[in-house]
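> Residue strings, one per chain:
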Amino acid sequence: AQKVTQAQTEISVVEKEDVTLDCVYETRDTTYYLFWYKQPPSGELVFLIRRNSFDEQNEISGRYSWNFQKSTSSFNFTITASQVVDSAVYFCALSERNQGGKLIFGQGTELSVKP
Amino acid sequence: GAVVSQHPSRVICKSGTSVKIECRSLDFQATTMFWYRQFPKQSLMLMATSNEGSKATYEQGVEKDKFLINHASLTLSTLTVTSAHPEDSSFYICSARGSSGGAYEQYFGPGTRLTVT
Numbered sequence: 001a002q003k004v005t006q007a008q009t010e011i012s013v014v015e016k017e018d019v020t021l022d023c024v025y026e027t028r029d030t031t032y033y034l035f036w037y038k039q040p041p042s043g044e045l046v047f048l049i050r051r052n053s054f055d056e057q058n059e060i061s062g063r064y065s066w067n068f069q070k071s072t073s074s075f076n077f078t079i080t081a082s083q084v085v086d087s088a089v090y091f092c093a094l095s096e097r098n099q100g101g102k103l104i105f106g107q108g109t110e111l112s113v114k115p
Numbered sequence: 001g002a003v004v005s006q007h008p009s010r011v012i013c014k015s016g017t018s019v020k021i022e023c024r025s026l027d028f029q030a031t032t033m034f035w036y037r038q039f040p041k042q043s044l045m046l047m048a049t050s051n052e053g054s055k056a057t058y059e060q061g062v063e064k065d066k067f068l069i070n071h072a073s074l075t076l077s078t079l080t081v082t083s084a085h086p087e088d089s090s091f092y093i094c095s096a097r098g099s100s101g102g103a104y105e106q107y108f109g110p111g112t113r114l115t116v117t
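Chains A and B, in that order, are what the protein sequence lines are.
Okay, so the first sequence: first residue is 1 according to the numbering used here, each after it adds one.
Okay, so the second sequence: first residue is 1 according to the numbering used here, each after it adds one.
Take these hints with a grain of salt, some might be off.
What the hints assert, rightly or not - Derived lysine to aspartate or glutamate pairs resembling DMTMM-like cross-links, with alpha carbons at most 25 Å apart:
hint : chain 1 : residue 1 : chain 2 : residue 2
1    : B       : Lys41     : A       : Glu26
2    : A       : Lys38     : B       : Glu22
3    : B       : Lys55     : A       : Glu96
If you're looking for bench data, these hints aren't it; they were derived computationally from the structure.
Could you put together the complete structure from these sequences and hints?
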């Protein structure tokens, strides 16, 4: 069965702190895709990254970085030097190749960055 | 990137009435559209998958007679909440996948907030 777990429901940090959002997934498929989305208070989902199961390279994009480890079925997201504008709910999601593009979302982590 | 619109962005209706929500892919052809529902402080849950020209596939526990989905063209899918009740109040989000395939080519609309009084 496919499942995504984001154990951290809420995280609160002070501006400029680094913060890591955890994501653990379960799947029986060997080909799958992992995603991170940001959902600000407006509600619109903002796509951050996609990773396929064959690409374990870590990625850095500005203050954002992602650590994908198949050995632990984790796809963690780190924000370096957090800013108030980073405050949002962040979702990790999984899509299996044989599921026609359906996304299974984690429960989400609400990040609050205080000035 | 590709753009998906939803209309209306917000709707308030009375209990017992029906509400139609439109999801449009503005600059690409969407062979598949997905409808998600999100209750406050909760995650997105897939309701159904619709493919152009065929019947929608509903997830377990979603009433197909209550949530009517029509994907009549490659750029438009509609979700009609029939005989809405206060418990149907939620944030409804659609996403669209292009015809070139690839599990990752999925674009989300801005969502529709439904309030049933």
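> Could you run down the list of hints and mark each one as holding or not?
Each hint tested on the structure:
This hinted pair checks out: Lys41/B and Glu26/A have alpha carbons roughly 23 Å apart, not beyond 25 Å. A C-alpha spacing of about 23 Å is found between Lys38/A and Glu22/B, which places the hinted pair at or below 25 Å, so the restraint holds. Restraint check for Lys55/B and Glu96/A: the C-alpha separation of about 22 Å stays at or below 25 Å, so the hint holds.
Comparing the model with each numbered hint stated earlier shows that all of them hold.
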